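Asker: Note that the protein sequences, when read in sequence, are chains R and Y. Using our numbering, you'd call the opening residue of the first sequence number 1 and step up by one each time. Using our numbering, you'd call the opening residue of the second sequence number 1 and step up by one each time.
Hints are supplied without guarantee of correctness; some may be wrong.
PhoX-like cross-link-like pairs, simulated, lysine-lysine; straight-line CA separation at most 25 angstroms [what the hints assert, rightly or not]:
hint, chain 1, residue 1, chain 2, residue 2
1, R, Lys69, R, Lys236
2, R, Lys18, Y, Lys133
3, R, Lys36, Y, Lys139
4, Y, Lys158, Y, Lys139
5, Y, Lys203, Y, Lys64
6, Y, Lys139, Y, Lys203
7, Y, Lys223, Y, Lys203
8, Y, Lys206, Y, Lys64
9, Y, Lys139, Y, Lys206
10, Y, Lys133, R, Lys40
11, Y, Lys11, Y, Lys64
12, Y, Lys236, Y, Lys56
13, Y, Lys158, Y, Lys133
14, R, Lys36, Y, Lys133
15, Y, Lys158, R, Lys40
16, Y, Lys236, Y, Lys64
17, Y, Lys158, Y, Lys197
18, Y, Lys158, R, Lys36
The hints are simulated quantities; they were obtained by calculation from the structure and are not laboratory data. Being a predicted model, the structure only gives us computed values, none of them experimental.
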Amino acid sequence: MDVTVIQPSRGLFNLDLKGVWQYRELLFFLVWRDLKVRYKQAAIGVGWAIIQPLLTMIIFTIIFGEMAKIPSDGIPYPIFSYAALLPWNYFAQALTRSSASLVGDSNLLRKVYFPRLIIPLATVVTPLFDFAISFLILLVMMAWYGVAPTWGIAALPVFLLFALMVALAVSLWLGPINVRYRDVGYAIPFLVQIWMYASPIVYPVSLVPEKWRVLYGLNPMAGVIEGFRWALLGSKSPNLLLVSVSVLFTLLLLLAGVVFFKRMERTFADII
Amino acid sequence: MDNNIAIQVDKISKQYDLISERQRHDTIRELITERFRSAFSRNGRAQTRHTFWALKDVSLQVNKGEILGIIGNNGAGKSTLLKILSRVTEPTTGSAVIRGRVGSLLEVGTGFHWELTGRENIYLSGAILGMTKEEISEKFDEIVNFSELDRFLDMPVKRYSSGMYVRLAFSVAAHLRPDILLLDEVLSVGDLDFQRKCMDYAKSLKEDNATILLVSHNMFSIKSMCSRALCMEDGKILFDGPVAEAIEYYERNSSKIRDLRKDDAHRFAVHLTDMTLSDEEGNPCYVFDHGQRMRIRLKLKATKPVHDPNIIVAFVRSDNVNCINFCTALDGFTLPSIDGESVIELLTPNLKLVAEFYTIHVVVRDRSFQNLHLFQIGPSFHIRHDLLNPHFGVFHEPARWSLCEDVSVRSEFSAGKGV
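Here chain Y stands alone, though its shape is the one from the complex (with noise of 0.2 angstroms):
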């Protein structure tokens, strides 16, 4: 193998068994007892039994320093490929070969035990993580200034707060120094300044010519970080190459309306059928530029009768931000009731969102906010801006400026506030 290649996977694929719910045999009677409807019935287990590739002949290569985002939908097969190169589970079929040592975060925090303190837990999950009891004695002064959590070090852990947890279980992990790091939506968390620390964490890794796998559902992140990208669906990685271009692939796809979850449709009285976004003019669209107009039309189904419902429309970022919700109860629209098809469009205001990646959820309640008739995730767009970004807020609206000429404005202040 080139000496350059951190990683190579070849022709990976992973099968699940599927258990429904009849067929899970969480105690031994269980067992014995479908083992025995299965041999008088003509339907015997193996025919019921029904697997799923969660990844198909997944081939990749990873060149040492190469960071490389992993985009896709829910059940595409990106954790299950993270999982399978942390050896946290095997490939059904396929084989791959890393070279240097590897790092893994799936989850934050993993090995804490809440009833041990905070300089317990940096041991324990060091050790867990991988380091040697050396390695964290050496590093225990860094990983606790970066925590900043100094004063809460001899408290357990349970009586932190989940944004200290949070801090301290990423600490130690960061500084977990692998050649291949796997990161699973890890940066996801925390609050901003504390995403900010991680980025850097990322980013001085990138220069130590670290190997980083990055999973993620914010496309912020992955652009601020890969320089290239995957974008996978159905166990099958659809799209390899540059980062800009994954996330275009990605999000044409996941313009469809397919996203609607469907199986939760079947709780709620109201179904959504058809969702199509355009512009003002009615054309098919899924790029707005920043300050564009959009007209949703949304194909509803009530298999009974709601009375006085009020439909929601929210407009949510890919860091899961819930940016702006139109709703007719508040925007003065009443609608008596809605029984069997029907089909409501709305016009919004010249949308002013920074430029990223939305989702709709649509939401329909009744009047009062009380009851859920139906809660679903529609299609998702994309603003367009050159310089607006999450790190201009939600929205940018221009607001007037001037420079006062009449400087008496400031003196008249600070008197008032001596009097």
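If we strip away everything but chain R, and leave its shape as in the complex, we get (with noise of 0.2 angstroms):
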């Protein structure tokens, strides 16, 4: 027999983690609706996640790589760009979307129970699909290229974990700003244009000043795109430093991130 205690939280730690796994369905569900409502009524559909990262890698390619001769650490710069396009455009639609997921999703929080962490979950894990597709662009490119993979192909999926946590790290914060002030809707676009450029995916790391390294890697997208390359195109080994300063600001900033949000959730459904 299940028994609810209902009462005030108390305490920043009491964080409830096992009710999200007790919910996983719901998760999937919801991962499921976005997907169906998203490719429901575009016309070329699945087509967008090819076209928008290869429109993206060509004009980047003209414009940095021909015109400004942007180093590209020996690599063709298309395949340079594109990937460290791939878990950049991951990012950028994880992070805009899951910012704007709480009040998307008002209704429900009005409505029903169910854990909130599993609305900003479900938005990062969505666009994976749509990074799935676009990898399948990159094997061509490879092949296309003659660029043969590395073992360090293996530790891709460790690097766009840590891209997902990235952004569900940031959208924890500020999802729950959003409920409160509707500015943050405004701010994400610029937030993720200005971070795009605070990131090496038009440059290599190595363009970087060598003393400015570990405060570069407080970007943790640069630890992520850095490990990219290296998994992908077998460049340099990443900057040991610069990956792990990145990994651990990441894990710092999660964990407080869910410390926030679950403070934040008590009083959603009455702000929303």
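Both chains are given apart, each in its own frame, so use the hints to dock them into the complex.
Answerer: Following this line, the structure appears as structure tokens:
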């Protein structure tokens, strides 16, 4: 027999992660819903997951690769930028959608109970689908440029999971703030744009002065992208210091994010 | 805790911040400017912060298998109580223990998505209401049969009529088989035929020994389903006991004039300042026998002159059926204008309405029914009759019946049809 105790929640670390696990099926259904809805009325549908990164890559190659002649560590510029755009596009989508997800599902928050963490979790999972499709294009490009995959490719899921954690960590902060202040919705496109230039997408990390590398690692996406280039293209092994700073910082942000989220969720239904 | 208790609520209170327009910071810019303003003025934010208690020290015990009705005016705290028990929101203080799987239906169609088809929505909504995928697949055919929408299953829900939407949504919900069901007003939707289906569903849950908490304004469904009812007001339980007594308590209390919607009043040129109901002899009265006449005295106050006013008094049944309207323009009573205070009385014909709970709406328009000068909700009253209830329609007037001895009527009719 289930026994539920209802009382005002206390304490910072009462995170109820067990509840999230119990509702994992709902997580699946929310991901499924988002995918269905997204492709329902789009004529090209899944094609967008190919066109978007492909066009961005072409533009970057023309402007940064050909015109600005930004170095790419000896790797053909198209594949150099595409390997970074893969995790970046995933991250940008996950962050944007996840930060808006609580407000988007406000009718659920007002009317039915389930662990609220499920909502941002589901929305960082959904864009993995687009990622998978864009990934196929990368394989085609690698064959075209004759870049042979190395054993490093086995580490790719780890870096992808890392990107997911970064997106989740940030949206656990932005989502609840968005419930109260809709400014977040306006700020996110700028945040994403600035963040993109702060990440080694159009340029290699080797362009960043040595003494700034540790600080640069505080941008966790720098670690993710470094990892992707290394895993896929066999470029120089990633700067270990940079990656570990990235990982540590993200874990900290994520943990604090969950605590912050749990603290804020108490009043979601009342103020949304 | 005693094994026979399904819900034990212990002194639950819920406080809301009452945020006025000026204090609501929906953007950070407003927050910053407001903070600056309060820093430089003497009325700090702390002083202007208002709160109110939607629930205050509510304690309650519900046994397994009990069907409990919750009645009360808008804002009495009924929905807040259900929201807390369904864990949508947290109490400010107090606690509650619930034994059993809880299902809550606080609205129809929770989790539905417009773009998805009926079939997809059955799965989605089922999962959101707490069913497992396995359970939904198992009951899928049953749900479809119940909704009678098998032909529209692969159509996006956005193309459904509102009736179809409600039917599908409720069909999913009806197959949630919780131990404890929290229901908010959802039975009052859909056509009559479907409403009956919903009642049957609730009764089948009752047979399964489920515990149900039902919030409704419809005294008819409360009466037919519940054995016990709570009457709430201002966040407190004022009465807890047998359903007939609870309804009587509610009706007695909602007969007061305080029911007038004061917040709307300033928008209109005319205000209803007082209203009394009495029997034909003029004795104040709120319960009328079927067939009795009613005297209604309205005290109106016009802040500016209103010419050719058309005063309308409507009786609205508790299930929101507008049953009868008295109207000066139709009844041949002319007033050139009203200005300042005026008292108007009307004596109704014999009221042949069925036994139910009615609320009086007072409307003032002009003769052409164009402008609205007043719309307020006045007191409520009850019509008493042993037999007549809404199953008999809106009103009852005896017809003249007779047995025809001349059977040729029928043959003439059929002969006529043949020509």
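Asker: It remains to establish, for every hint, whether it holds in the given structure.
Answerer: Evaluated hints:
Under the criterion of a C-alpha separation no larger than 25 angstroms, the hint pairing R/Lys69 with R/Lys236 is consistent with the structure, at around 20 angstroms. A C-alpha spacing of about 19 angstroms is found between R/Lys18 and Y/Lys133, which places the hinted pair at or below 25 angstroms, so the restraint holds. Simply put, R/Lys36 and Y/Lys139 have alpha-carbon atoms about 23 angstroms apart, close enough for the 25 angstroms limit, and the pair holds. Using a Cα cut-off of 25 angstroms, the hinted pair Y/Lys158 and Y/Lys139 holds, with the two alpha carbons roughly 24 angstroms apart.
For the suggested pair Y/Lys203 and Y/Lys64, the alpha carbons sit about 15 angstroms apart, so the restraint of at most 25 angstroms is met. Between the alpha carbons of Y/Lys139 and Y/Lys203 the distance comes to roughly 19 angstroms, so the proposed pair stays at or under 25 angstroms and holds. Using a Cα cut-off of 25 angstroms, the hinted pair Y/Lys223 and Y/Lys203 holds, with the two alpha carbons roughly 13 angstroms apart. For the hint pairing Y/Lys206 with Y/Lys64, the CA-to-CA distance comes to about 10 angstroms; that is within 25 angstroms, so the pair holds.
As the CA atoms of Y/Lys139 and Y/Lys206 are separated by approximately 20 angstroms, the hinted pair is consistent with the 25 angstroms bound. Restraint check: the Cα-Cα separation between Y/Lys133 and R/Lys40 comes to about 22 angstroms, which is no more than 25 angstroms; the hinted pair holds. Taking the CA atoms of Y/Lys11 and Y/Lys64, the gap is near 20 angstroms; set against the 25 angstroms cutoff, the hint holds. Restraint check: the Cα-Cα separation between Y/Lys236 and Y/Lys56 comes to about 6 angstroms, which is no more than 25 angstroms; the hinted pair holds.
For the given pair, Y/Lys158 sits about 24 angstroms from Y/Lys133 by alpha-carbon distance, which is consistent with the 25 angstroms threshold. Among the hinted pairs, R/Lys36 with Y/Lys133 is consistent with the structure: their alpha-carbon atoms are about 17 angstroms apart, no more than 25 angstroms. Restraint check for Y/Lys158 and R/Lys40: the C-alpha separation of about 13 angstroms stays at or below 25 angstroms, so the hint holds. Between Y/Lys236 and Y/Lys64, the direct Cα distance comes to roughly 23 angstroms. Compliance with the 25 angstroms bound is thereby established for this hinted pair.
With a C-alpha separation of about 24 angstroms, the suggested pair Y/Lys158 and Y/Lys197 falls inside the 25 angstroms cut-off, and the hint holds. A distance of roughly 15 angstroms separates the Cα atoms of Y/Lys158 and R/Lys36; the hinted pair therefore holds under the 25 angstroms criterion.
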